[in-house]
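Let chain Y serve as the given structure and place chain X on it in line with the hints.
In case you want the letters, here they are:
Protein chains: 2
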Amino acid sequence: MLIDIDKEMQARSVGGIIVLGDTTLANPDLTYVVGGSLARGGIYFKRIGGDPLLLTSNLDLATARKYRIVKQTKTFTEFAYEKLIAKHGRDNAYPRLIRMILDQLGISGKVALFGRSDLAGGIYLADQLRKIGVAVIGEKSPTILESARETKTTNEMSLIRDVGLKTGRIVDSIIDSLRNLQNRRGHLYSGKQRAKVGLVKEWISIALAKEGLIAPEGTIFATGASSADPHNAGDPRQELKPGKLIVFDIFPQSERGYWFDLTRTFVVGRADAKTVKLFETVKGAQAAALDSMKDSVPCKKVMMTACNVIELNGYRTLRGLYRGETTNVTSGFIHSLGHGVGLTIGERPYLSLLSTERLTKSQIVTVEPGIYLPRFGGVRIEDTVAITGNGVDILDTVHQDELEVS
Amino acid sequence: MLIDIDKEMQARSVGGIIVLGDTTLANPDLTYVVGGSLARGGIYFKRIGGDPLLLTSNLDLATARKYRIVKQTKTFTEFAYEKLIAKHGRDNAYPRLIRMILDQLGISGKVALFGRSDLAGGIYLADQLRKIGVAVIGEKSPTILESARETKTTNEMSLIRDVGLKTGRIVDSIIDSLRNLQNRRGHLYSGKQRAKVGLVKEWISIALAKEGLIAPEGTIFATGASSADPHNAGDPRQELKPGKLIVFDIFPQSERGYWFDLTRTFVVGRADAKTVKLFETVKGAQAAALDSMKDSVPCKKVMMTACNVIELNGYRTLRGLYRGETTNVTSGFIHSLGHGVGLTIGERPYLSLLSTERLTKSQIVTVEPGIYLPRFGGVRIEDTVAITGNGVDILDTVHQDELEVS
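First to last, the sequence lines map onto chains Y and X. Note that our numbering has the first sequence beginning at 1, numbered continuously upward. Note that our numbering has the second sequence beginning at 1001, numbered continuously upward.
You may find that some hints are simply not true.
[Said to hold, decoys possible] Quick list of in silico lysine-lysine cross-link-like pairs, DSSO-like style, CA-CA up to 27 Å: (1) K66/Y - K1196/X; (2) K83/Y - K1300/X; (3) K241/Y - K1210/X; (4) K192/Y - K1210/X; (5) K196/Y - K1066/X; (6) K1087/X - K301/Y; (7) K1210/X - K166/Y; (8) K1140/X - K87/Y.
Don't read these hints as lab results, they were simulated from the structure.
One chain only, chain Y, in its complex shape (with noise of 0.2 Å):
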């Protein structure tokens, strides 16, 4: 959470930070600093125990206002920023612009720079701020604002709980226009026309247009074979055939900045009993590791308790790399149980098999068992959650008790 940023500065001996960037998109810590999106970003400034200031251009000035998250929010024109320009140049008024308010301020000491930016603009950047005196520091993981973000608000949960809602509606939509598919001669059909992977796309764009989400990354909708590709997002020529594995994962993002990770399994008509097998032995797995989970449980062992039931049923797991039976895991539960969600798709804390952290209160994390058999198709099901003092809440409402839809 925001309040924890002077904490985790504290725990690094750092005395100030910096998070810029010249657009809030796609700058997931500027968005957590500012409180939403600005059009042109600007530049954060925090001292240790001191209140932060923001800096923002005249047209954003009024937007960053509203947000009501920095108190201090002032224009680069009230600091003289086009006379420095003027005398300086663009290149070397940036670093001098930044000097003067960290002055201003009273940072001494080391400064962290953040913010998502081009490598060579921000290194360029850290060694001029470093010839003028500026003991700029880099940060490994988690950086300061990774463990800040890494638990989150009230009103954070419910932003994120509300495009938990969204996106519920969308998938439920989606279920019934399957159930309305018929099936003639062995082909399901929607109307007069063959159902392929890329009607459904559409039908989905239309629902997160409708409910004013976008999906950056896309959504997947993977049938057959495909479907054993965890990150196969379904080819549009594909037809839909019955009883053959549908993997839907929807991950929407909305206006405020906040994503939304789903994914339910399905088959239209009746699937066979080693597709039945499989969805029963994932929805185990999940259910074991959400009965596991809450504050203070080891993330690793949450994986473990998934992998137990996955390799009890017969499949393997990623432990088997790590037992060193094997180099390389290609069937079977391949990826890691899940990760946080919040102003990124994926962030701290990670469910996988590496994790050394704890499950915190106030974390929002994706439970996602799936097993994959290369040339037969994969089941994969994931909520997203918030961890409790005593356990789990469930931040979407689409049930799934059946593997079959029709």
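Relative to the frame of chain Y, chain X by itself:
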């Protein structure tokens, strides 16, 4: 163009470049050198005068090879990255892997780093690489890749033209919908409901979805006094009113990562004389600017041409700032004339009063004069055009001769 990278490296005495990121999403430099999107990103290496090498995750290898841009594509596993992590830990393994590959490719001398990344982590990486003997440099703008990306290949141009055609169809469909609104007792209706900005935004979202485009930065549909603020996206609750200005600025992105930018201004019903004069002036400014553009014309001169027309008609422009007449221009033509478009929605070249460069064949830029009268409204007309040897090629097909839609 990609082919210019060696020339730009030569000009800056750079021995090698590295472009990296854990995704290509919102990472235009990595998308550019890879030729498309990769879910987990990768690391691209290029020695001056040498063929590039791309490292990807096992999951992305097939996709990366499909783009056929980088001939040599390998996985992290092929370089035994997992073993490096086991031996040195993740934080130290990464710079060691990079150093090892630089050596294998015979890259020496200055090395520039690219790719959008969190600054804290990027600076940490640069410092680590420097410690193990890599001469990492930062770059001020224009960087090697910004310069390369400034001119477009025939293939890029056709990808952008394709987004333009789709964008044009969306704009045409919205104009048709505006034309079908009914004026009853001074209010505009769509069927039985009052026509509000939110309704039109929903139409736009659905039209985008049908064309397979996304709008990660939103869409501007601002009416009345709101249209006087060039960054106001429009208030969903606001009603469209007969005779009021509407600025519709749409900037979508395709799955391949390329953007387009198009603005039209309308009045539903009859426009008053003040509004008509605004519209005619902006149209005249755009026509004059377009007429003046071709290979080797100074960018600043094109901006000046638009300013001339606007000032002759009695409105202010940003030139007032530079003449020392004022310290703040809030009315009139208050932004620059245009910017490059490609894998970002705002890149070099810039058609501004501060530009020092010349237009070059194969650049793609917006031409978007606007006049804004606070508390009244604004007019902006924008096309995206390609620069040719003897003029410009307008990349959209939305013709607008009339301000009034009725």
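For each hint, the structure was consulted:
Pair hint K66/Y plus K1196/X holds up; C-alpha atoms about 23 Å apart against a cutoff of 27 Å. Between the alpha carbons of K83/Y and K1300/X the distance comes to roughly 20 Å, so the proposed pair stays at or under 27 Å and holds. Between K241/Y and K1210/X the CA atoms are separated by roughly 24 Å; this keeps the pair inside 27 Å, and the hint holds. For the hint pairing K192/Y with K1210/X, the CA-to-CA distance comes to about 19 Å; that is within 27 Å, so the pair holds.
Among the hinted pairs, K196/Y with K1066/X is consistent with the structure: their alpha-carbon atoms are about 23 Å apart, no more than 27 Å. This hinted pair checks out: K1087/X and K301/Y have alpha carbons roughly 24 Å apart, not beyond 27 Å. Only pairs whose Cα atoms come within 27 Å are accepted, and K1210/X paired with K166/Y is accepted, the gap being roughly 20 Å. Restraint check: the Cα-Cα separation between K1140/X and K87/Y comes to about 18 Å, which is no more than 27 Å; the hinted pair holds.
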